[in-house]
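Chemist: In case you want the letters, here they are:
There are 2 protein chains.
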Amino acid sequence: MMAWMNEEAWKETLQSGYAVYYSRSRSQLWRKGETSGHRQQIEEIRVDCDADTILLKVHQKGAACHEGFESCFFRKVNAEGTVAIADERLVDPAQVYGKKSS
Amino acid sequence: MMAWMNEEAWKETLQSGYAVYYSRSRSQLWRKGETSGHRQQIEEIRVDCDADTILLKVHQKGAACHEGFESCFFRKVNAEGTVAIADERLVDPAQVYGKKSS
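Sequence lines, in order, name chains Y and U. Quick note on numbering: the first sequence equals residues 310 to 411 in the working numbering. Quick note on numbering: the second sequence equals residues 310 to 411 in the working numbering.
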């Protein structure tokens with residue numbers, strides 16, 4: 310998955326040992342897995358050459374993706390540019406995030 | 310490494326089978342490895358759930374990083390937030406990109 314951090318998210322990630330992002334749409338910290346339980350335990354942190362991108366190597370509990378796949382990158386692009394699902398769905402998002410009551 | 314694409318870069322990546330990015334600083338296509346020879350041959354392309362991030366799995370010839378490492382993520386962040394080089398430098402950037410004549 311790809312997500313954003315601000316300084317607070319970065320510090321909390323280091324301190325807690327779990328991935329914490331910053332939701333730009335909600336303008337708040339996003340403690341990944343807080344609702345779903347699908348937390349990301351940090352195994353290793355790398356930073357790139359110009360120090361503006363962070364790579365987290367994590368132990369992913371359950372599905373990282375809100376669509377129920379382990380990875381958000383569950384779709385493969387074929388040579389001609391068509392797209393197909395290439396991974397198994399692990400969980401039903403409706404079960405994880407809840408259904409709206411009717 | 311993390312880099313940007315525009316539509317032209319994306320199309321040329323698909324067509325050529327090699328990674329092509331868009332340099333935002335130079336406002337032009339960046340055919341990765343055109344100068345250094347360190348091209349990235351595409352092995353697989355994935356696209357994420359909201360279709361705004363592309364993951365390229367590539368065969369990296371030589372060093373992807375302009376600092377001479379295979380990956381730009383050659384620095385590891387330790388638990389207390391300190392940073393250390395964790396990989397081997399493959400090439401001398403001055404040899405790859407040329408020295409300025411004196």
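Simulated from the structure, these hints should not be mistaken for laboratory data. Each hint should be verified, as a subset may be incorrect.
The list treats identical chains as one, so a pair stands whether inside a single copy or across any two.
Below, a list of computed lysine to any residue pairs in the SDA-like style, where the Cα atoms sit at most 25 Å apart [as the list claims (entries may be wrong)]:
1) Lys320 / Glu352
2) Lys320 / Lys370
3) Lys385 / Trp319
4) Lys366 / Glu376
5) Lys320 / Lys385
6) Lys366 / Met310
7) Lys385 / Gly407
8) Lys385 / His368
9) Lys366 / Glu316
10) Lys366 / Glu389
11) Lys366 / Gly407
12) Lys320 / Val405
13) Lys366 / Glu353
14) Lys385 / Thr362
15) Lys370 / Glu389
16) Lys370 / Cys358
17) Lys320 / Ser336
18) Lys370 / Gln337
19) Lys320 / Gln404
20) Lys370 / Val405
21) Lys385 / Ser336
22) Lys320 / Ser332
23) Lys385 / Thr344
24) Lys366 / Glu379
Chemist: Hints numbered earlier in the text: which of these fail when held up against the supplied structure?
Modeler: 7, 11, 12, 19, 21 and 23
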